[in-house]
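*Asks:* Chain by chain, the residues:
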Amino acid sequence: MSKHTISILVENRFGALSRISGLFSARGYNIESLSVAPTADPTVSRMTIVTIGDERVVEQIMKQLNKQIDVLKVWNVSEHDAIERELILVRVAATERSQDEIIRMSQAFGAKVVDVASGTMALEMMGDEQEVENFLNLLKPFGVKELIRSGAVAMLKDGK
Amino acid sequence: MEKFGAEILVDSLIEEGVEVMFGYPGGVLLYIFDVLFDSPINFILVRHEQAAAHAAEGYARASGKVGVCMATSGPGATNLTTGIANANMDSSPIVAITGQVTTQLIGQDAFQEADAVGITRSITKYNYLVKDPRDIHRVIKEAFYIARTGRPGPVLVDVPKDVSSTRAEFEKIEKVSLRSYNPVLKGNPKQVKRAAESIAKAHRPVIYGGGGIIISGAAEEVKRLAESQKIPVTLTLMGLGGFPGTHPYFMGMLGMHGTWPANRAVRDCDCLIAIGARFDDRVTGKVDEFAPHAEIIHIDIDPSSIAKNVPAQIPIVGDVKTVLHQLLKELQTTPPFDNSQREKWLEEIGGWEEEHPLHYHSSKNSLKPQFVIEKIYELTRKEKPVITTEVGQNQMWTAQFFKFDEPRTLISSGGLGTMGFGFPAAIGAKLAKPERMVIDIAGDGSFQMNIQELATVAQYKIPVKVVILNNQFLGMVRQWQEHFYNKRYSHTCISCQPDFKKVAEAYGVKGYRVEHPAEVGPVLKEALFSDEPAVIDFRVEREENVLPIIPPGKTVYDTILAPPSISAARRADSRRMK
Numbered sequence: 016m017s018k019h020t021i022s023i024l025v026e027n028r029f030g031a032l033s034r035i036s037g038l039f040s041a042r043g044y045n046i047e048s049l050s051v052a053p054t055a056d057p058t059v060s061r062m063t064i065v066t067i068g069d070e071r072v073v074e075q076i077m078k079q080l081n082k083q084i085d086v087l088k089v090w091n092v093s094e095h096d097a098i099e100r101e102l103i104l105v106r107v108a109a110t111e112r113s114q115d116e117i118i119r120m121s122q123a124f125g126a127k128v129v130d131v132a133s134g135t136m137a138l139e140m141m142g143d144e145q146e147v148e149n150f151l152n153l154l155k156p157f158g159v160k161e162l163i164r165s166g167a168v169a170m171l172k173d174g175k
Numbered sequence: 002m003e004k005f006g007a008e009i010l011v012d013s014l015i016e017e018g019v020e021v022m023f024g025y026p027g028g029v030l031l032y033i034f035d036v037l038f039d040s041p042i043n044f045i046l047v048r049h050e051q052a053a054a055h056a057a058e059g060y061a062r063a064s065g066k067v068g069v070c071m072a073t074s075g076p077g078a079t080n081l082t083t084g085i086a087n088a089n090m091d092s093s094p095i096v097a098i099t100g101q102v103t104t105q106l107i108g109q110d111a112f113q114e115a116d117a118v119g120i121t122r123s124i125t126k127y128n129y130l131v132k133d134p135r136d137i138h139r140v141i142k143e144a145f146y147i148a149r150t151g152r153p154g155p156v157l158v159d160v161p162k163d164v165s166s167t168r169a170e171f172e173k174i175e176k177v178s179l180r181s182y183n184p185v186l187k188g189n190p191k192q193v194k195r196a197a198e199s200i201a202k203a204h205r206p207v208i209y210g211g212g213g214i215i216i217s218g219a220a221e222e223v224k225r226l227a228e229s230q231k232i233p234v235t236l237t238l239m240g241l242g243g244f245p246g247t248h249p250y251f252m253g254m255l256g257m258h259g260t261w262p263a264n265r266a267v268r269d270c271d272c273l274i275a276i277g278a279r280f281d282d283r284v285t286g287k288v289d290e291f292a293p294h295a296e297i298i299h300i301d302i303d304p305s306s307i308a309k310n311v312p313a314q315i316p317i318v319g320d321v322k323t324v325l326h327q328l329l330k331e332l333q334t335t336p337p338f339d340n341s342q343r344e345k346w347l348e349e350i351g352g353w354e355e356e357h358p359l360h361y362h363s364s365k366n367s368l369k370p371q372f373v374i375e376k377i378y379e380l381t382r383k384e385k386p387v388i389t390t391e392v393g394q395n396q397m398w399t400a401q402f403f404k405f406d407e408p409r410t411l412i413s414s415g416g417l418g419t420m421g422f423g424f425p426a427a428i429g430a431k432l433a434k435p436e437r438m439v440i441d442i443a444g445d446g447s448f449q450m451n452i453q454e455l456a457t458v459a460q461y462k463i464p465v466k467v468v469i470l471n472n473q474f475l476g477m478v479r480q481w482q483e484h485f486y487n488k489r490y491s492h493t494c495i496s497c498q499p500d501f502k503k504v505a506e507a508y509g510v511k512g513y514r515v516e517h518p519a520e521v522g523p524v525l526k527e528a529l530f531s532d533e534p535a536v537i538d539f540r541v542e543r544e545e546n547v548l549p550i551i552p553p554g555k556t557v558y559d560t561i562l563a564p565p566s567i568s569a570a571r572r573a574d575s576r577r578m579k
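If you're matching them up, the sequences are chains A and B in order.
Count along the first sequence from 1, then add 15; that gives the number in our numbering.
Count along the second sequence from 1, then add 1; that gives the number in our numbering.
Since the hints were derived computationally from the structure, they do not count as laboratory data.
A couple of the hints might just be wrong.
Claimed, not checked - Result set (DSSO-like, lysine-lysine): computed pairs, CA atoms no more than 30 Å apart in a straight line:
1. Lys287/B / Lys82/A
2. Lys176/B / Lys78/A
3. Lys488/B / Lys82/A
4. Lys434/B / Lys376/B
5. Lys488/B / Lys369/B
6. Lys191/B / Lys78/A
7. Lys155/A / Lys127/A
8. Lys194/B / Lys78/A
9. Lys322/B / Lys176/B
10. Lys82/A / Lys503/B
11. Lys82/A / Lys142/B
12. Lys88/A / Lys376/B
13. Lys88/A / Lys187/B
14. Lys194/B / Lys82/A
15. Lys4/B / Lys173/B
16. Lys555/B / Lys488/B
17. Lys78/A / Lys369/B
18. Lys66/B / Lys78/A
19. Lys132/B / Lys82/A
20. Lys142/B / Lys78/A
21. Lys132/B / Lys88/A
22. Lys309/B / Lys78/A
23. Lys88/A / Lys231/B
24. Lys383/B / Lys462/B
25. Lys82/A / Lys173/B
26. Lys82/A / Lys176/B
27. Lys345/B / Lys365/B
28. Lys434/B / Lys78/A
29. Lys78/A / Lys187/B
30. Lys322/B / Lys88/A
31. Lys88/A / Lys462/B
32. Lys191/B / Lys82/A
33. Lys66/B / Lys434/B
34. Lys322/B / Lys231/B
35. Lys383/B / Lys224/B
36. Lys287/B / Lys88/A
37. Lys309/B / Lys88/A
38. Lys202/B / Lys231/B
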């Protein structure tokens with residue numbers, strides 16, 4: 016069992032998202048994360064789906080996706096050289112004492128402070144899976160109050 | 002030109018060549034039905050929407066054209082779903098049109114509202130909610146195109162009441178273009194070459210054919226492949242008729258209720274040529290031990306069917322007929338096969354056939370269901386009737402004891418296994434092929450699931466024949482309870498049932514009841530060859546079993562065989578004496 020990032024170009028029509036997500040649920044496959052938005056061509060959307068499965072399950076998912084009438088193209092990004100990014104918004108507990116350390120750490124990860132409230136601080140951070148995990152691990156001791164992740168988006172390096 | 006949405010819809014259907022439709026009216030369909038009233042389309046009013054979908058499928062499978070059914074919003078649409086799911090599993094091209102509540106009311110729990118598109122998403126090849134009458138023509142064109150091309154399947158078009166009752170500009174579209182949908186027809190030449198080499202060097206090849214042969218119209222190509230290469234053939238339930246049932250190379254159906262020689266040959270073959278088949282669990286049994294010694298060539302138009310259940314060494318994605326043409330051509334330049342090996346292989350299979358042929362113990366006094374089927378076959382050989390079946394024992398006995406020589410002569414619910422399918426499917430088949438005899442081989446359980454369609458055949462005088470193999474049991478489940486649950490017949494006895502002869506007569510349909518073997522021939526002759534619908538209630542032996550059976554998840558060596566016939570036992574004895 017391993018993690019796979021699947022990138023899909025799909026007609027930007029209502030129902031297309033349900034058909035695709037339905038493929039996963041109908042076969043008992045879980046979607047770890049899912050992001051969708053129109054591409055430069057507004058009639059086409061890009062979906063990035065992260066799922067966990069063994070080779071055979073993922074191969075079957077890819078075939079089922081390819082079979083969909085609305086699907087233009089499917090890639091298993093995990094098999095290619097790709098840039099993967101995820102955006103997170105995280106609110107951590109921040110006291111006067113810890114504030115500076117949180118800010119220093121954020122700077123090291125290229126994160127931004129986007130909101131400061133009494134006793135908490137909201138940060139925005141972007142990175143690949145590993146960077147996001149590292150950042151979150153470092154924040155944990157301060158007390159993570161809320162975490163919102165966008166799900167991964169991915170782009171192939173060879174420009175295909 | 003401006004037209005009402007309903008007119009655009011009906012005009013578009015006529016343009017697609019629709020001659021017959023099956024359906025049931027309802028509130029949101031009133032505009033459409035008003036237009037249908039003077040249209041040339043032959044509209045058949047069924048008595049339950051499920052039957053409309055099955056009839057559309059029967060029509061599609063008998064003719065090769067797209068079948069059309071229509072139902073109203075809410076319960077009409079939900080009643081269609083079983084038929085849609087059936088068409089989806091058996092890759093049958095149907096277009097289902099449902100009415101929907103007015104656009105503004107969608108999502109408000111309006112009267113007779115159901116989310117037809119949402120409900121049918123996983124049981125259709127594609128579906129549409131039409132929100133603008135200007136889209137109707139394009140959507141209908143696309144729906145038919147999607148339904149009949151590639152791996153065919155059902156497409157649902159949901160039309161809200163206001164969309165059918167509003168005027169819109171009607172502009173004809175000549176061609177469908179869907180950039181995201183381009184089925185591959187031609188096989189990859191390198192793979193075809195590999196397949197040809199594999200076939201030529203094989204000593205023990207087997208063709209395992211499925212419904213894809215029939216859908217793609219490739220029966221002739223399969224025959225040429227089998228005959229030119231001396232390859233024995235087995236077919237799935239869906240494939241029956243895809244290769245002549247009377248051909249000396251035909252081993253019978255394979256799988257759970259398949260013949261001993263077919264299942265043994267698959268077990269021992271060194272090259273399995275799967276043609277338009279999908280390695281269903283009823284075919285493979287225990288997957289790891291299915292064709293364990295074979296190099297598997299898998300030809301299918303649907304890439305997701307390839308290597309889904311059983312890995313294929315030589316996958317070929319493409320239309321079966323097109324690929325077989327390529328393969329036959331390739332074989333002409335491939336070094337020839339070893340004839341003596343093939344002869345040996347065919348002889349070995351002949352030995353298995355002799356060892357355990359399909360048989361049952363005939364009886365002089367009680368009626369055997371297999372005997373009824375044999376008799377129907379014998380009496381109608383010249384007519385080449387279209388046979389539909391229900392699901393269960395009736396279906397398996399038909400598959401075993403009726404010999405289908407032509408494609409599109411068996412229409413059965415293969416994938417979904419829908420009881421109640423056969424009778425409405427027969428109605429659809431008869432409308433597609435009015436000149437052919439059409440017989441539904443039914444069980445007493447299944448027939449009662451769509452028995453109301455007797456009114457439809459009576460109203461339109463559709464001369465389909467229903468043969469009930471009446472054992473007063475839900476026979477297949479009872480058989481499993483006998484084999485695997487200590488004969489605890491939990492809720493499978495349905496001896497409380499109507500007198501089917503009288504029921505038929507009450508509907509104005511000719512009814513018969515047969516209890517003795519001697520009556521079978523005369524009654525069949527009268528009922529089948531008349532030009533009116535008929536129901537024949539055959540009171541068959543109650544606990545007759547479908548044999549052989551490979552228990553689920555087991556292998557050919559676990560087959561429960563029919564007790565040997567006297568003649569076979571004698572043959573075995575005489576061999577021993579030698």
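*Asks:* Hint by hint, say whether it matches the structure.
*Replies:* How the hints compare with the structure:
Annotation: proposed proximity of lysine 287/B to lysine 82/A holds, straight-line Cα distance about 27 Å (limit 30 Å). Under the criterion of a C-alpha separation no larger than 30 Å, the hint pairing lysine 176/B with lysine 78/A is consistent with the structure, at around 27 Å. At roughly 44 Å between alpha-carbon atoms, lysine 488/B and lysine 82/A are farther apart than 30 Å, so this suggested pair is violated. For the given pair, lysine 434/B sits about 23 Å from lysine 376/B by alpha-carbon distance, which is consistent with the 30 Å threshold.
Annotation: proposed proximity of lysine 488/B to lysine 369/B holds, straight-line Cα distance about 21 Å (limit 30 Å). Straight-line distance between C-alpha atoms of lysine 191/B and lysine 78/A comes to about 21 Å, which keeps the hinted pair within the 30 Å bound. The straight-line distance between the Cα atoms of lysine 155/A and lysine 127/A is roughly 17 Å, inside the 30 Å bound, and the hint therefore holds. Straight-line distance between C-alpha atoms of lysine 194/B and lysine 78/A comes to about 24 Å, which keeps the hinted pair within the 30 Å bound.
Pair hint lysine 322/B plus lysine 176/B holds up; C-alpha atoms about 24 Å apart against a cutoff of 30 Å. For the given pair, lysine 82/A sits about 49 Å from lysine 503/B by alpha-carbon distance, which is inconsistent with the 30 Å threshold. Annotation: proposed proximity of lysine 82/A to lysine 142/B holds, straight-line Cα distance about 20 Å (limit 30 Å). At roughly 54 Å between alpha-carbon atoms, lysine 88/A and lysine 376/B are farther apart than 30 Å, so this suggested pair is violated.
Taken as a hint, the lysine 88/A and lysine 187/B pair is honoured in the structure, with Cα atoms around 20 Å apart against an allowance of 30 Å. Using a Cα cut-off of 30 Å, the hinted pair lysine 194/B and lysine 82/A holds, with the two alpha carbons roughly 26 Å apart. Proximity of lysine 4/B to lysine 173/B is assessed by CA-CA distance (about 12 Å); at most 30 Å being required, the pair is judged to hold. With a C-alpha separation of about 21 Å, the suggested pair lysine 555/B and lysine 488/B falls inside the 30 Å cut-off, and the hint holds.
This hinted pair does not check out: lysine 78/A and lysine 369/B have alpha carbons roughly 46 Å apart, beyond 30 Å. At roughly 27 Å between alpha-carbon atoms, lysine 66/B and lysine 78/A fall within 30 Å of each other, so this suggested pair holds. With a C-alpha separation of about 25 Å, the suggested pair lysine 132/B and lysine 82/A falls inside the 30 Å cut-off, and the hint holds. With a CA separation close to 26 Å, the supplied pair lysine 142/B and lysine 78/A stays within the 30 Å bound.
Proximity of lysine 132/B to lysine 88/A is assessed by CA-CA distance (about 27 Å); at most 30 Å being required, the pair is judged to hold. For a cut-off of 30 Å, the pair hint linking lysine 309/B to lysine 78/A stands: about 10 Å separates their Cα positions. The suggested pairing of lysine 88/A with lysine 231/B is violated, with an alpha-carbon distance near 41 Å, which exceeds 30 Å. Restraint check for lysine 383/B and lysine 462/B: the C-alpha separation of about 24 Å stays at or below 30 Å, so the hint holds.
Taken as a hint, the lysine 82/A and lysine 173/B pair is honoured in the structure, with Cα atoms around 28 Å apart against an allowance of 30 Å. At roughly 22 Å between alpha-carbon atoms, lysine 82/A and lysine 176/B fall within 30 Å of each other, so this suggested pair holds. In summary, the hint linking lysine 345/B to lysine 365/B is not supported, as the alpha carbons are separated by about 40 Å, beyond the 30 Å threshold. Between the alpha carbons of lysine 434/B and lysine 78/A the distance comes to roughly 37 Å, so the proposed pair goes past 30 Å and is violated.
The hinted pair formed by lysine 78/A and lysine 187/B meets the criterion: a straight-line CA distance of about 18 Å does not exceed 30 Å. Taking the CA atoms of lysine 322/B and lysine 88/A, the gap is near 27 Å; set against the 30 Å cutoff, the hint holds. Restraint check for lysine 88/A and lysine 462/B: not satisfied, since their Cα atoms lie roughly 51 Å apart, outside the 30 Å limit. Distance restraint check for lysine 191/B and lysine 82/A: the Cα-Cα separation of roughly 23 Å lies within the 30 Å cut-off, and the hinted pair is therefore satisfied.
Of the pairs offered as hints, the one joining lysine 66/B and lysine 434/B holds, with about 12 Å between alpha carbons and a cut-off of 30 Å not exceeded. Pair hint lysine 322/B plus lysine 231/B holds up; C-alpha atoms about 19 Å apart against a cutoff of 30 Å. Distance hint between lysine 383/B and lysine 224/B is fulfilled; the C-alpha atoms sit about 21 Å from each other, no more than 30 Å. This hinted pair does not check out: lysine 287/B and lysine 88/A have alpha carbons roughly 35 Å apart, beyond 30 Å.
Of the supplied pair hints, the one linking lysine 309/B and lysine 88/A holds, its CA atoms being roughly 20 Å apart against a limit of 30 Å. For the proposed pair lysine 202/B and lysine 231/B, the alpha carbon gap of about 13 Å is at most 30 Å, so the pair holds.
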